[in-house]
Structure formats: C-alpha cells, structure tokens
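Q: Now for the letters of each chain:
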Amino acid sequence: MGKERTAVIGVGQTKYASTRGDVSMAGLLREAAQRALDTAHKTWSDIDAVVMGKAPDFFEGVMMPEIYLAEALGCVGKPIMRVHTAGSVGGSTACVAASMVQSRVHSTVLTIAWEKQSESNAMWALSLPQPFTTSVNAGAGGYFSPIMRRYMAMSDAPELIGCLVAFKDRQHALKNPYAHLHQHDLTFEQVVESPMLWDPIRYSETCPSSDGACAMVLTDEAGGDAHDGPVAWVSGTAMRSESNSYGGRNMVSPAASEQCADDVFAQAGIHDRRAEIDAVEMYVPFSWYEPMWLESLGFADKGKGWQLVESGATALDGGDLPVNPSGGVLSSNAIGASGMIRFAEAALQVMGEAGEHQVDGARTAFGHAYGGGAQYFAMWIVAKDK
Amino acid sequence: MPEEVLQAPLVLEYPFTGTTGPVVGRFLTGLREGVVLGVRRSDGTVMCPPLEYDPADASPLEEMVELPQSGEVVSWSWGGPRREQQPFDQPVAWALIQLDGADTPMLHAVLVDGPEQMSTGMRVQIKWRDEREGHITDICGFVPESDETGPKTASKTSTTVDLDSVEAVQSVRTPIRLNYSYTPGRALSEYLYAMKDKRIIGDRCGDTGQVFVPPRGVSPVAGKATIETVDLPDVGYVESFNITRVPIATRPDLEPPYCSAWIVLDGASVGFMGLVINCEPESVRLGMRVRAVWKPDEELEVSATNILGWEPTGEADEVIADIERIGRVGPQQKRGSAS
Chain A
0 MGKERTAVIG VGQTKYASTR GDVSMAGLLR EAAQRALDTA HKTWSDIDAV VMGKAPDFFE
60 GVMMPEIYLA EALGCVGKPI MRVHTAGSVG GSTACVAASM VQSRVHSTVL TIAWEKQSES
120 NAMWALSLPQ PFTTSVNAGA GGYFSPIMRR YMAMSDAPEL IGCLVAFKDR QHALKNPYAH
180 LHQHDLTFEQ VVESPMLWDP IRYSETCPSS DGACAMVLTD EAGGDAHDGP VAWVSGTAMR
240 SESNSYGGRN MVSPAASEQC ADDVFAQAGI HDRRAEIDAV EMYVPFSWYE PMWLESLGFA
300 DKGKGWQLVE SGATALDGGD LPVNPSGGVL SSNAIGASGM IRFAEAALQV MGEAGEHQVD
360 GARTAFGHAY GGGAQYFAMW IVAKDK
Chain B
0 MPEEVLQAPL VLEYPFTGTT GPVVGRFLTG LREGVVLGVR RSDGTVMCPP LEYDPADASP
60 LEEMVELPQS GEVVSWSWGG PRREQQPFDQ PVAWALIQLD GADTPMLHAV LVDGPEQMST
120 GMRVQIKWRD EREGHITDIC GFVPESDETG PKTASKTSTT VDLDSVEAVQ SVRTPIRLNY
180 SYTPGRALSE YLYAMKDKRI IGDRCGDTGQ VFVPPRGVSP VAGKATIETV DLPDVGYVES
240 FNITRVPIAT RPDLEPPYCS AWIVLDGASV GFMGLVINCE PESVRLGMRV RAVWKPDEEL
300 EVSATNILGW EPTGEADEVI ADIERIGRVG PQQKRGSAS
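Line order of the protein sequences matches chains A and B. When you line the first sequence up against numbering that gives the first Met the number 0, it's residues 0 to 385, in that order. When you line the second sequence up against numbering that gives the first Met the number 0, it's residues 0 to 338, in that order.
One chain only, chain A, in its complex shape:
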C-alpha cells in the first residue's frame, strides 16, 4: 500500500508587514488559519490535528508559544505538534503535516507557520553573545555574503545579476496583495545604487523583516476529490540536513540540497526539471541565492544559473521558469512563515488561485526552503492533476 494521496484544499495568509501591532500572536495566526479554513470550506471541528512551525523563540521572546495557541487554533483535545528547523521550518512543517495525511494517521490537518519579528530584533537573536570569544560577523548577511562571493567568483557572473533578481522580485511583489514590500516607484538604478551592507550584497538585495502567518489545510484523497474548489495534489515532499562545517563542504551548493532535490523530483516523476516545472517558489533571502539555487536544484547547469536570471527566464512576465512570482522572501520575510509561504504559493499556482501573479496554465510547481547555515532543506512539488 503506497502513500495516501494528499491534497492542499485551503491556503490562508496574512498581509505581511513590518509591524502587526493590532493583533496578538494568537490573533495573527488565527487570521491566516481562518482564511485557510474558509477556502477549504472547513470548520475547526473538521480538523484532526494541527502542525505548526516557527523560527527560534528568541525572535519574539515567547518560549514554546505553541502551548498557548491551542485555543486560537481550535486544537483543544486534538494533537498539536511544533516543528523546528531554523529558517526552513515553514517548509519542514508542511512536509510533516503532509506526512500525517500520507501515512493515514490523520485525514485533515491544519498546518501553519509564522513570525512576529517586530517584537524582537532578528540580528540580535542570531548573534547571541558567547563567553571566551567575540563576534566578528553581523547577522545572516555576514554569514551568507562570503558564500555568495564564492559563487560570483566561480561562475564569473556579471556583477549586477543580484540586482536583477532583487528588482524582479520587487516587481513581482506589486502583483501580490499580501507582500510586505510594495515599492511602486522602485527603479533598477535605485536597486544598483543602494548602499552595500555586506559587500558584495547591497541593502536592496536583502530581505525585509516582517510579521505574518501562512496556513494550509491538507486532506486525504477522498477529501481532495470531494472538495468543491481548486486542489493542489502533493506529488513529492523531501527534507535533508547536513553539518554546516566539514572539509570540502560545498557551501554554494550543499550536498543536502542536491540530495533533497533529487529525492523530491524522483518522487514526482520529473526528469527535465526546467521543462516540467511551471512555477518555482524558492527561498531567496539574499538576491544571489536565486542563481545559486537554480543550479543546486538542477534547473540550470553549474555556473549557468545566472544566465537564466539575465535572460529573463525567471521573470513572471515572459519567462519560461518564473521564480518567486509572489515576490519571494526578498519582498516578505516573516522568517518562520517564509518556507511555508513558498509551499503555499506553489500550491496557489497549480490551483489557479494566485491572482495577478498567476503563472498562466501552471500545472506543476515547486516549493523550497532552506535554513541554518544553508544546512536544512525542505521541498515539495504540487500538481494540478492527481
């Protein structure tokens, strides 16, 4: 007996914003969860279990918030579970939720991920002091920028590829009402002229800090068939991790990333990744990660990912492999939610529910998340057809 076919029948998101001062953490989650239930045509009593995820508790200073969220998410008397895999957590959470349906443990599962970054300072939370040593590196940008420099050196990519990605994603975000950044008047020149924060990375090439939540309702084959509305069928889920430091580690394209991609594409029966995937939502918190992941995920040959960016192949308007039509992490970054947003946006594409940022005729879409020192990976593939 194989896995139970699993369907996404509901997606809900909050508007992403720098501060959601009008709602508590519970209220924020509730907003996304209620919207997911509404699109799934479900009520709280239809949900068998809740699987939630967020990044480290230091991002809000609420320890184990899952414990206080049972009432808000209708899971009093039901199983509640929290997943934690650093920045990839939103993706991993969706994978764990899907596994509960795939394994026939539960029929209908609500999965949700969030961050309320306005209540803390992510750079502080990611740079906690340690005795006997001192910090020599500022936040996530300080960690990832040398890796991007290595990619730039190895690929010999033109200097402004990162700016092209940032400008494209911000343009995409204008078509997504939920996106945090809506920079209507932004020009490519402004992206280029933005100050270097972590040279070679400009301020304009980094993600914002957002409050927000994203939720999905997953159900079994019978539930998907019976759903009176669009459905995204999950055709593959995979997670991998690796140590973040060992001799000869490929930090530009970590082994765990490539293994995770091989696994998820094999599950979905996809051979020509670029040709068979219609829309990609990948975790790009810093601009150069788009060409880097395009290569690591097998959408482009090694050293050639930037050519897809430069040619416009990854743009929603006219590209054959639109990447982050939602505007991506570069336009909305509620850290814990960011991975789930990628997964949910992939689902919306094959459901035909992406609105203005819909990729015409999308039938198969790819959702991706990574976290830690590029050492945790979560991916899924969703399809219009069962």
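Quick caveat, the hints were computed from the structure, so don't treat them as lab data. It is possible that part of the hints are untrue.
Claimed, not checked - A partial selection of chain A residues facing chain B, derived with a Cβ cut-off under 8 Å: (1) ALA16; (2) GLY60; (3) PRO64; (4) GLY141; (5) LEU173.
To be verified - Pairwise CB distance ranges, derived in the manner of DEER restraints: (6) B:ILE276 with A:SER102: 47 to 57 Å; (7) A:LEU127 with B:GLU310: 21 to 31 Å; (8) B:LEU11 with A:GLY354: 22 to 32 Å.
Claimed, not checked - Take a look, some chain A residues computed to stay more than 10 Å from chain B by CB distance: (9) GLY20; (10) ASP21; (11) GLU59; (12) GLU70; (13) VAL75; (14) GLN101; (15) ALA124; (16) PRO128; (17) ASP184; (18) SER208; (19) GLY235; (20) ARG248; (21) HIS270; (22) VAL358; (23) LYS383; (24) LYS385.
Glycine included, each C-beta is placed from N, C-alpha and C at the ideal position.
Add chain B to chain A, keeping to what the hints say.
A: Below, chain B alone, put in the same frame as chain A:
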C-alpha cells in the same frame, strides 16, 4: 589534559515587547484603570484572565465583563524565600484565585507573612499598585479580605471609569533575562587554554584525516570522536569575505566598514570567521595569505579574543582549487558518504 573544562556565566537578555491584541489589551487597560475584566463565553461562563478564543469551540471571544475585586483561593503553594527578579518586596504564596463572578481562576500572589496564614477557600481581595501602566503587576497581589492594612484595597466600580475614553493598551513589555552557566566543553577548553600561549590547536578525524579548528571532539564527517590534537601555524589564507557596513551590537569597538572573512589555516580542513585588519578592506582578495595579529603578551588570557584579527603576510595568494568548496579537499581527506 592538565586544565579543567572551562565555565563562565552567560546572560541573555532582551527587552521584548508583546502585542496584546484587543482582548488582552482591554484586560490590561482595565488593570491600569483599577478595573478587572473577564470575558464571557457562549455558555455564559466568564474567564479571568480572558482568552481571545473559546477553548471549547475556538470561537472568538469579545464580550468583556467587569468583575468584583475579591474572590477565593482555589489552590496555593508557599513561594519560599523572596527571589531576585520577583516583583514583590516580600515572600509570597502563589495562588489560583477565582474572583467572584468568574468561572476560572487566575494565578497571582497572596501577600501574607507565612504559609500558616494561607488556606484553600480563604477570601482575598486585590491590592493595587499606586503607579499603574497596563501590566499584570498593576496588581501588587492579593491580601486577605479582612486585612485593611494595605493601601488602596478598595474596589472601584465601572461607573468610575469609561474604558472607551482612555488610551487602550496595545503592547506590554516582556523583558527576558536568562542566566546560564556556559561551558565550551573539553575540546574547546583545550583550544582556549592554548590561546593563552599564542598557540592554535585543532583536532583530527581518524577516518578521514580532516583537521578541525577550533577542535570539536567529534568529527562531523565520521560521526566519531576525533583521535588527536594538532598544533597549527597561525598563518593561512582568506577563503572568502565580505566588507560589512553594519555595526555589531556587541562590538562597539568595531567601526564599519570592516572585513569579515573565512580564514583557513595551513593544515586545517575547515575555515572559521575572523576579521582581516591592518589593510584596506577593499584590498582583501580570495586566497590572500594572512597571519594572526595577537594581543600584546601581557594582555593574553584564556580566550579566543587573543587574536585581534588577521593581517596580510604579503606572500603570493593561495590558489583555490575548487572554488565551490570551502576548506581544503586534500587527497588524504576521504570524504564521507555525504559527498
């Protein structure tokens, strides 16, 4: 090993804020005004403190009702001697107190001199703080109902305060301070002691030959304990770097722009982050040879901060063979199945 494993205090603290949302915000606004509010559920029962959503059916709760300011101790335990950071100036009993008119108890303190003055079922009433800000500590605690020694124990009524006409509480300060006793462990302790003698040590994986610096005690490639300690020179090369224009909160001494780099020491298989100093950040290159800049001998201590940074040696640049891979992939370094 001659030295002991190191240990040091580590304090993590941050002045978090919490957004209350409308229901808890209303409750806290009430406390600031000297009023206690509960929330009514669809079955008519009242929860205090209020929740935003009904535990039974997850429906949103909105109807706030004012409650009397006295009630009954449902259960309690004696808190023992006063502890630092507790918002009381005396020992207290922790108690579940069900206010009259409420169907759920709230956790708070009863301000009595000793456990002999506590009993389940005893009647207590609120003692308010004089200066209130919209926080649970606006209630100093509860005192026995007959006790009239505390100031401002008198109840207010809803007629005295119109909560719609005062500024609503929307967030609450939730500072967190965690006191840890940090230990870097055996392998890193050895490394830190060696630093006092201006020595850099790593450790070697028996299966792959990889050398890790700082040492870890375990090989992430083989999943086994490392087999030996290795002395490394204080010279190496820049594997990659950035030029950072963002300050580091814990490094007020470090003025941007500065160069953060992955440094790979000669003989090491992995890099670690350090600052490249004594040169213009713009002159730093991939493969640039660097050496450690140590603190003056008289300032050396058991600490990695003995290395102030890394400066150019002036030697020819290292040729990085495989630009994607961080660290050396020598022929002696068989890679694990993860490769």
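Q: Are the hints correct? Go through all of them and say.
A: Structure-based check of all given hints:
| no. | hint | in the structure |
| --- | --- | --- |
| 1 | ALA16 | violated, 12 Å |
| 2 | GLY60 | holds, 3 Å |
| 3 | PRO64 | violated, 10 Å |
| 4 | GLY141 | holds, 5 Å |
| 5 | LEU173 | violated, 28 Å |
| 6 | B:ILE276 with A:SER102: 47 to 57 Å | holds, 55 Å |
| 7 | A:LEU127 with B:GLU310: 21 to 31 Å | holds, 28 Å |
| 8 | B:LEU11 with A:GLY354: 22 to 32 Å | violated, 42 Å |
| 9 | GLY20 | violated, 6 Å |
| 10 | ASP21 | violated, 8 Å |
| 11 | GLU59 | violated, 7 Å |
| 12 | GLU70 | violated, 4 Å |
| 13 | VAL75 | violated, 5 Å |
| 14 | GLN101 | holds, 26 Å |
| 15 | ALA124 | violated, 8 Å |
| 16 | PRO128 | violated, 5 Å |
| 17 | ASP184 | holds, 25 Å |
| 18 | SER208 | holds, 13 Å |
| 19 | GLY235 | holds, 22 Å |
| 20 | ARG248 | violated, 5 Å |
| 21 | HIS270 | holds, 24 Å |
| 22 | VAL358 | holds, 31 Å |
| 23 | LYS383 | holds, 32 Å |
| 24 | LYS385 | holds, 31 Å |
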